[in-house]
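Asks: Sequential numbering of the sequence shown, starting at 4, is according to our numbering.
Bear in mind the hints are in silico, worked out from the structure with no lab data behind them. Where hints are given, some of them may not hold.
Said to hold, decoys possible - Cβ pair distances, simulated, as ranges: (1) R241 / N290: 40 to 46 Å; (2) A41 / P212: 18 to 24 Å; (3) Q227 / R205: 18 to 24 Å; (4) T57 / V286: 48 to 54 Å; (5) V286 / A163: 46 to 52 Å; (6) A95 / G207: 19 to 25 Å.
Think of the CB as a built atom: it goes at the ideal place given N, C-alpha and C, for glycine as much as any other residue.
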Amino acid sequence: MAENVNISVLFADVCGSTRLYETLGDERAQQVIGECIAFMLQVVEQHGGTLVKTIGDEIMVRFDDASAAVRAACEIQEENESPRLYVGQRIALRAGLHHGAAIVDEGDVFGDAVNVAARMAGIAKATQIITTGDTVAVLEPELADMAREFDRTRVKGKAAELRICEILWEANDVTTMNMPSASRQVQENNFLVLRYGGEETRIGASDRPVVTLGRGSQSDMVIQAPLASRVHCRFESRRGKFVVVDQSTNGTFVRTADGENVYLRREELLIWGSGVIGLGEDVTETNQHLIHFTCP
């Protein structure tokens, strides 16, 4: 009998499986993928998850609790990157999950949670865990603190855009820093203004709490800096204060009005006053792609 429930659905799969078959041949590639799926299911079981189905190189599992689903996904990535070998081969994994309404019928699962989780898995790249803002909202605090919003998207059947978040599972993914003169009191501000190439964007609790910057069209502010990542960094409003969070390959350079210089790589920085940002390049007179920020 069909049952309406709120559950977490997790998809996890092998990245580049087609190439595995091309380079290893069918028999050995199947052994590699089979061993990897067995490993993932072992972790899922340890965290109280239930297998719904396997689809080629992908598993679909369900959890009653969102935090258990995230812990399982993190352990899968951590163990896989330890590094773990499957029939002598290293492979990369990706995962996507969502907590929401679903229908459980004879062991299979249908509905919103499945559709959105599948979309998150499709967005995820190698080594990533991608989820939604709705899922983050029901996580235990220490797990919610590992989530960073980086985009918004529409999903079929949903009227509003979904917040897309990455779970930063690596212990050194993001480190919070203060500017060198952090002994000064940081005043609360209603908003922060970013300026680039004649474009001006306001960030604040009553405006936009998160703005992403990068070279890709998916970024809120597209910065054509040659060394910028597609989604390079983001500015966030947090209880009247503002942080810049780097998520790039080449890092983010910050110079304040006081002349202080800070380099961020997978780190976040509490900012105030005014200053200049360089994406992948230092703040110099020859850098033509500088972003100016001001906290009025």
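Asks: What hint numbers does the structure not satisfy?
Replies: Hint check: 1, 2, 5, 6 fail, others pass.
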